[in-house]
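Q: Listed here are the chains, written in short residue letters.
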Amino acid sequence: MADASGTLKQFRLSLPATPDDIARLELGSVVFLDGIVYTAREGVYKRILEDGEPLPADLSSISNVNFHCSPAAALDGDGTYRIGGVTATASFRFSKWMSDWLDRTGTRIVIGKGGMASDDYKSVLVPHSAVYLTTVGYGTGALLGRGIKSVRDVFWLDELGIAQAMWLFEVERFGPFIVDSDLEGNSLFAQHGEAVNRRLSALYDGLKPPALHRYGETDDRKKEVM
Amino acid sequence: MIANSTIEEAAYRVMEKAAIDIPEDYLSGIKGMIDLEKGDLSAFVLQSMVENWEAATEDRRPMCADTGLPRYYVKVGNEAAAEKGFVGIERALRCATARATHDVPLRPNRVHPLWRTDNNNNVGINAPEIEWSFEPGADWIDITTVHKGGLFGTDYRMLFPGDGIDGIKRFYLDTLVAFGKRGLACQPAIVGVGLGGSKDTCMQLGKQAACLRTVGDRNPDPKITELELELKALGNDIGMGAMGFIGSSMVVDCHIEVGHTHTGGMPMSVHTFCLSSRRATARIHADGTVAYRTDPQWFTPYLRRETVEWQTPAEPLSNSG
Numbered sequence: 001m002a003d004a005s006g007t008l009k010q011f012r013l014s015l016p017a018t019p020d021d022i023a024r025l026e027l028g029s030v031v032f033l034d035g036i037v038y039t040a041r042e043g044v045y046k047r048i049l050e051d052g053e054p055l056p057a058d059l060s061s062i063s064n065v066n067f068h069c070s071p072a073a074a075l076d077g078d079g080t081y082r083i084g085g086v087t088a089t090a091s092f093r094f095s096k097w098m099s100d101w102l103d104r105t106g107t108r109i110v111i112g113k114g115g116m117a118s119d120d121y122k123s124v125l126v127p128h129s130a131v132y133l134t135t136v137g138y139g140t141g142a143l144l145g146r147g148i149k150s151v152r153d154v155f156w157l158d159e160l161g162i163a164q165a166m167w168l169f170e171v172e173r174f175g176p177f178i179v180d181s182d183l184e185g186n187s188l189f190a191q192h193g194e195a196v197n198r199r200l201s202a203l204y205d206g207l208k209p210p211a212l213h214r215y216g217e218t219d220d221r222k223k224e225v226m
Numbered sequence: 001m002i003a004n005s006t007i008e009e010a011a012y013r014v015m016e017k018a019a020i021d022i023p024e025d026y027l028s029g030i031k032g033m034i035d036l037e038k039g040d041l042s043a044f045v046l047q048s049m050v051e052n053w054e055a056a057t058e059d060r061r062p063m064c065a066d067t068g069l070p071r072y073y074v075k076v077g078n079e080a081a082a083e084k085g086f087v088g089i090e091r092a093l094r095c096a097t098a099r100a101t102h103d104v105p106l107r108p109n110r111v112h113p114l115w116r117t118d119n120n121n122n123v124g125i126n127a128p129e130i131e132w133s134f135e136p137g138a139d140w141i142d143i144t145t146v147h148k149g150g151l152f153g154t155d156y157r158m159l160f161p162g163d164g165i166d167g168i169k170r171f172y173l174d175t176l177v178a179f180g181k182r183g184l185a186c187q188p189a190i191v192g193v194g195l196g197g198s199k200d201t202c203m204q205l206g207k208q209a210a211c212l213r214t215v216g217d218r219n220p221d222p223k224i225t226e227l228e229l230e231l232k233a234l235g236n237d238i239g240m241g242a243m244g245f246i247g248s249s250m251v252v253d254c255h256i257e258v259g260h261t262h263t264g265g266m267p268m269s270v271h272t273f274c275l276s277s278r279r280a281t282a283r284i285h286a287d288g289t290v291a292y293r294t295d296p297q298w299f300t301p302y303l304r305r306e307t308v309e310w311q312t313p314a315e316p317l318s319n320s321g
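One line per chain: the protein sequences are A and B, in this order. According to this note's numbering, the first sequence is numbered sequentially starting from 1. According to this note's numbering, the second sequence is numbered sequentially starting from 1.
No lab work stands behind these hints: they were computed from the structure. Predicted model only: the values in this text are computed from it and were never measured. There are no misleading hints in this set.
Cut-off 27 Å, straight-line C-alpha distance, at most; resulting in silico cross-link-like pairs (DSSO-like, lysine-lysine):
no.: 1; chain 1: B; residue 1: 232; chain 2: B; residue 2: 38
no.: 2; chain 1: B; residue 1: 232; chain 2: A; residue 2: 222
no.: 3; chain 1: A; residue 1: 208; chain 2: B; residue 2: 232
no.: 4; chain 1: B; residue 1: 38; chain 2: A; residue 2: 9
Computed far set for chain B versus chain A, every beta-carbon distance over 10 Å:
no.: 5; residue: 79
no.: 6; residue: 139
no.: 7; residue: 261
Partial chain B-side listing against chain A, Cβ under 8 Å, derived:
no.: 8; residue: 40
no.: 9; residue: 41
no.: 10; residue: 52
no.: 11; residue: 56
no.: 12; residue: 59
no.: 13; residue: 64
no.: 14; residue: 66
no.: 15; residue: 102
no.: 16; residue: 106
no.: 17; residue: 108
no.: 18; residue: 169
no.: 19; residue: 183
no.: 20; residue: 240
Glycine is no exception: its CB is placed at the ideal position from the N, C-alpha and C atoms.
Could you put together the complete structure from these sequences and hints?
A: Shown next, in the form of structure tokens:
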């Protein structure tokens with residue numbers, strides 16, 4: 001078995017992360033977190049940024065990490081929560097809210113699945129001195145579950161349901177995550193995508209597009225769906 | 001008579017097993033890919049997944065917190081008898097889903113498409129889906145669940161006979177490339193290809209091919225076997241590994257299922273099962289005992305049956321009157 005973990009740089013950050021900590025994160029390095037992480041996705045963004053509801057907690061003093069995820073959780077009769085694990089959801093679809101959200105909350109680390117478009121890193125994350133971390137394999141729910149020590153708070157559980165509510169988790173050695181964007185807005189996914197693109201024309205050689213085209217379809221496989 | 005409570009308990013157990021225990025055929029498939037993987041990030045992802053599966057088994061917590069869209073495949077022996085019939089089975093499966101969502105716990109994923117309301121139990125209108133099949137001469141009931149996501153990595157296209165095998169390869173590559181970048185398809189995965197049928201059966205066949213056959217299993221038609229192996233190699237030659245990082249780990253295996261289709265068309269679907277490959281099966285015997293396994297044994301010769309015994313009448317039909 002190739003021992004890849006030894007070749008990748010590792011960081012362990014205490015939260016809220018300091019600007020210096022964030023500046024040290026390099027593309028492709030592995031990150032573990034300690035402290036408080038909160039979840040926010042479409043339900044929360046709509047409520048606060050579109051419906052004008054106030055933030056339920058003073059996030060900037062508690063946590064500067066927004067995890068695009070929701071937990072496999074259950075509420076027991078005594079009012080306590082059992083968290084099995086968390087898994088990220090695709091972040092690109094939250095682009096339209098992110099700039100306002102970072103303004104409002106002081107968030108500096110965004111975690112999710114698939115990253116955001118490179119342009120969004122440059123126009124949204126970079127001006128806020130924020131970086132993006134991706135979860136690993138997208139399915140490391142059990143490892144991430146081990147890192148969640150307790151639920152500090154949960155907001156709008158009744159209105160939004162378990163999956164969309166805002167959760168504040170106390171975490172310890174929470175990870176692994178991989179750094180996808182740095183403070184300059186470089187994207188690891190984009191770099192690897194370009195390397196894949198360089199081989200594509202040979203792979204497609206001789207394979208014609210199908211007889212029926214779909215509306216708006218492109219034959220350029222170098223374009224990404226997001 | 002198989003009691004509803006027995007069915008509910010078995011369905012609950014397969015929900016739990018699918019969420020927590022990686023199928024052994026898939027795990028060994030992934031371990032084999034790690035040995036060959038040269039990309040350091042892709043290899044790191046695969047190693048992390050193996051650690052994640054170990055953690056899931058040790059802690060008895062789900063491998064992935066995204067429950068996907070859990071569904072059931074139920075194969076009923078033609079001689080089997082269940083309390084309160086098919087409606088009784090269905091009710092037991094819905095109850096088991098709600099219970100497993102709370103107890104395991106699974107993330108409640110199912111919401112109304114427009115109102116986004118969540119019952120917090122993965123049960124709703126038309127959810128979970130239940131697909132039925134039958135087996136002659138058997139008195140057992142097989143309950144299989146698969147938890148597969150539905151947002152990325154699955155696509156359908158109407159191809160035509162003139163597009164040929166090259167057209168099949170082209171659409172297969174199109175799908176893997178489009179959704180493989182950034183790992184949106186959660187690869188590597190077992191990839192299922194549905195060929196033929198009507199548009200909806202084509203989608204169903206492809207999903208069944210991805211989720212209900214084990215790594216290493218081959219289609220009984222030798223020419224389709226050959227195409228399966230060719231597509232598997234093609235996918236791993238894209239240069240993309242886990243999460244879209246540079247590498248060679250895209251396809252753990254490729255399975256093709258076919259259905260006779262319209263003479264003018266060649267519909268095709270591509271489905272990537274995810275990196276967690278969540279599936280589990282329970283066989284409930286007539287005496288109420290239950291055996292668990294990870295091979296759904298869904299594609300029996302009866303399910304792939306080809307035609308009927310029928311002869312053209314010797315005498316022309318009289319058309320008088």
